[in-house]
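Chemist: Starting from the known structure of chain A, fit chains B and C onto it as the hints suggest.
So the sequence lines, in the order shown, correspond to chains A, B and C.
Position one of the first sequence corresponds to residue 4 (the working numbering), numbered consecutively onward.
Position one of the second sequence corresponds to residue 1414 (the working numbering), numbered consecutively onward.
Position one of the third sequence corresponds to residue 54 (the working numbering), numbered consecutively onward.
FYI, nobody ran anything at the bench for these hints, they're computed from the structure.
It is possible that part of the hints are untrue.
To be verified - Listed next, the stretches of chain C that the computed footprint assigns to chain A, with coverage defined by at least 3 CB atoms under 8 Å from CB atoms of chain A:
| id | segment |
| --- | --- |
| 1 | 196-205 |
| 2 | 221-234 |
| 3 | 466-479 |
All residues carry an ideal CB built from backbone N, CA and C; glycine is no exception.
Okay, here's what each chain looks like letter by letter:
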Amino acid sequence: MIDAFAPRYLYLVTFLLLGIGTYMMIGNRNLVKKVIGMNLFQTGIFLFFIAAAYVEGASPAVLTREAPHVSPLPHVLILTAIVVGVSLTAVALGLIVRIYADYGTLDADVLWEVRHDD
Amino acid sequence: MTDVSSLRPLATVLVSAVAIAPILASRGRPNLRESWTMLAALATFGLSASMVPGVLAGDTYVTDFGTFLPGVESGSVAFALQADALGLLFALLASALWVITSLYSIGYMRGLDEDSQTRYFAAFAGSVSAAVGVALADNLVVLFVFYELLTVATYPLVTHDQTDEARAAGRKYLAYTFGGGVAVLAGTLIVVWLTGTADFTAGGIAALAESDPAMARLAFTLLVTGFGVKAALMPMHSWLPDAMVAPTPVSGLLHAVAVVKSGVFGIARVVLDVFGPETVSDLGMGLPLAVVAAFTIVVASIIALRQDNLKRRLAFSTVSQLSYIVLGLALLEPRALAGGLLHIPAHAFMKLTLFFCAGAIHVETHTDDISEMAGIGKRMPGTMIAFGIASLGMAGIPLVAGFVSKWYLLIGSVQAGGVVFAGALLVSGVLNVAYFWPIVYQAFFESEDAVGSKPLIENPFGGRDAPVPDGGRNADDEPAGATDGVADPDEGEYAVDRNPSDHVVEHSASKRAESPDAAHADEDAESDRAVPDDADHNGPYEPEHYDHVADDEDAPEHHHAGPPAGGWERRALSSETTWFMLGPILTAATGAVVLGIVPDRVAFLRLVEIVVAGATGVTL
Amino acid sequence: MTDLVPIAVALPIVASVVALLAGLVRSRSGWYVALVGSVAQVALTAELARRVVADGAIRYVVGNFSVPYGIELVIDGLSATMIVLVAVTALGVLAYARRAGPRSNPFYGAYLLLVGGLTGMSITGDLFNLYVFLEITGLATYVLVGSEEGGRSAVAALRYLLVGTVGASLFLLGIGYAYVATGTLNMADLAAVIGEDVGYTATLIRASFAFVVVGLFVKVAVFPLHTWQPEAYASAPDSVSALISALVSTVSAYALIRVIYTVFTVDFLEANPLAADLLAAAAAVSVVAGSVLAVAQSEVKRMLAYSSVAQFGLVVAAASLANETAMIGAFVHLVGHAMMKGSLFLAAGVVATATGARTVDEYDGLGERLPVGAGALAVLALAMVGVPPTLGFVGKWYIALGAVETGSWALLAVIVSSTLLTLAYFARLIERIFFREYAAPAGETGVAPDDADVPGDADVVADGNGLPADGNGVSTDDGDAPLREDVSFGMYAVVVVAALLAVTLGAAVFEYAQFVQPTVTRLLS
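Just chain A, same shape as in the assembly:
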């Protein structure tokens, strides 16, 4: 069992991160923590890509370094994905600011009650 998973421990970490992220998004009442959970979730997936690109004993994907290189494509992709993730976080935090301005709370449960009292 351990032999089967030891070389793939990065995948385990990936799914651990996905799990923690999902739990934070569902279980946390604080909206900011939900956004942090979302970031963790995405990070798990980024790690998955980078791990997939890894080649034992290879150097980073920079042309001046000696071959063999690790696969460069996932690195490029994840660079893009990180940018997307940052933008998402920015929008999410912007929305949270507005929610706080309107309702004076960041607690999802309280928010739910306030909204249903309207």
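Modeler: Chains B and C only, in chain A's frame:
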């Protein structure tokens, strides 16, 4: 049979649809608006009549717009209209009766000072357009298109009164008919899948005869069930009595002719031009359909016996009579087919007369219940004479239209070996007499204060716990015992029938608060009732006097049903109602008689002969 | 001259930046920038579609990299349909938004960014690029949903953002699996490698399929992954509800079909019958559950939103059949639904602007008060129900015929009875509009029967946002707008034209089917 490419079928469909725009535009000017309706009606009738000589000579007029939907593989479904004998039969009928009904509508709607008359006339024009479209459809898909549009166009008419009852009836109407539409759609899809086409072919689509019998049976069942909803085959009939909440011209033209017969017409197309009599016979689907039809004929007649509301009684009579047509189609015998198809116009003329009479009585005296119509022959002699003639026809008495078609049906059913079905037809004839004759009899030979009892309406099923006919004042305990005996809550007319003026009382309860005068009038109205009121306002069944509730709200003065204090006044034929109403009544009645005396002089019988010859190869 | 292809994506994005910058010079110039951008986009996409009709599919490789490595843009019959739909719908909504707002320049920036993102999703031939455009679309949508005044839309937008991001991330994870298995991201290349080297039953490919489909289900809002959607549609400004209901789920559904059939191909579904069955089951459940939930709604926009859940169920059902007729039906229904649902939201917006009515109950007697708006709404609703010969019926016919051809009887039953399910919630609305009397709310006096300028005060309280802080109802970002704005000619025109198109376009579908037939055949081969 030669196909003639012509724009006339298209024009026939479109004229009344196009008329909707000017009708809506001239909403402020009733005379102009009704002129548009009349113009459209006459144009539609003129166009369909203009195609009769050609069709009788064996031509078919076709308007083809090219492909509308894909069929299977290379096949496709065209959007095309055609005026063949069967289609023209229905189109001619609907458009001819629309002319009469338009005149009548004017008298009826203005006589009652109804609301939303513009919407009414616009929806009416749309309904006729859709009905003519059903008639002239060239294939099953186009037929389905207009069949659904007919549902949509009729819905505003059913809900016209905007009362809770009317809305409930409208919802029921939509649920039933769109449910039927779903079945038709599924059946059509299977037919298209089996044959690659949906074009009507006299004698049936050849490919269908060779296809998988189980699938063909499924398609047949779906199609007949779907069309059977509008044809009010039992047990899918219950929307029709409820839809009687609509204004009477709607009940007359649409719920006795155009809408319900579009269902029957659909079945006719399925039997004659999609499957063909032979294939239906091979599939063994004729007999079950005939059994359902015969069942509907008898049971609906029996239920009609117990309806006190005149329009509901007529509605159940319609349910029964429509199944004559279906029975004629299901027996797959040339003469039965002819009888069934001929019953389409015959029943239309007679039932239209009957509904027009009911509407005239409603407008003039605000009476809807048969139990309050004793002696009304004095007040409305011409109307009741027309009513009497049409009732005779419904029962199948010679010299009126119903006789000819029933004669063919009887011969056909005997030839088909279905003695049971002939029996059902005869029993239904007797029942027709039983539920129509008392109305005529009491109108002329009884007076409002000396009315015989009506045990069938007043007593519970089985005759137990019969209430005292004169009612008495101990009404509080009586209905409770009586309602226990009601076996069929769906036909929930029971408490109402026994307490015919419940609606007056219930309604006046609200008026009482605002107007002491009205309250006083109500009490007067109640006190001079021949059949006594009772206090069963909390009875389990709501009263169904839709028209009353509606026009009571609209009219400034408070009407009450039944004879006025002092009995019906005696009026001459010319002054009993307006000519807008009497004219159409007499025209429709005359039509029924003409169809009965010289059927072969009227185009309908010859069209029927062509249809039967085309479908079975037998010349009558 | 295939250089036009990347411009179709670049143009709206550049226009988006221009709108933002123009806002620095003159506020409220956004609408004009958006108008110019949208008109140019319509012209551009129309020209591209014309070329596809004339010469067949167009392929363009960005930056002259050789194909498996560079990003490829492909316009075939189906993607041409999508980009034209996106451009035309955006222009139509713009005509509505001029008076109805929101009017700020950042709004129009996000608006154009959304158009760019959706166009990119439609024409990209690269799986990872699809993810990027999916996220661009998502970002723009979150911003647009949140652009309504008040907290309700912000909460809805945040919820949409969280759920949507999870969906997109799952999609990305699916891409990761596919990449690990094949080492390529170009769709055509992926299909070839999966077919030849990896095999359709490989675990990695199956997992990839599962993640990609679930991720896109979230974006399409298939039950039970629809939870973000009703509140987002209901709380967004009317113009935004119309735009996103018409386009975002539609293009996501297109992406779903594209990924299933171009990347995984029909052979995958044949090798894994369970996958096809699960797709069909999800679709059927979505149709039924969406309709039932729609009936239960009291707010009109929420009802329309749930209706979308049901309608996309139909599209996914069609997609699961892997049949040419059904696939054409899926696209007819995608286009038809986009037009009808978008216009229904606009019609609801017209009603709300003119009378303040936002709940089903408040629609009583609307036919008297607002005949044109109510009439258009009714026609669109009937088209949505699928009354023939409207566009809604024609799409359903194709899908149902496809179900018959493949012998999927259970699915056929769901598809044809969806008519009744749809009727259940729209009949309720129509009955109230035309067959009930309008009862004036307390405090409101003398309502002119067919006039738009109903006094505002009483209605604003009933306004859907229902927040004290949001007293101005339809006020703009600038906050200096009058209490109740009149319904502009443009707002009416868009709704009425859409209603007419919904009825008449059914006749043109057969032509359209001829046009996409070759593309669909290739897609399913």
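Chemist: Would you mind marking each hint as holding or not holding in the structure?
Modeler: Going down the list of hints, with the structure as the test:
Counting residues of the segment 196-205 of chain C whose CB falls under 8 Å from any CB of chain A gives 5; the rule of at least 3 is met. Under a criterion of three residues with beta carbons nearer than 8 Å to beta carbons of chain A, the stated coverage of the segment 221-234 of chain C is upheld, 6 such residues being counted. Given a C-beta distance limit of less than 8 Å, the hint that chain A covers the segment 466-479 of chain C is violated, as 0 residues qualify and 3 are needed.
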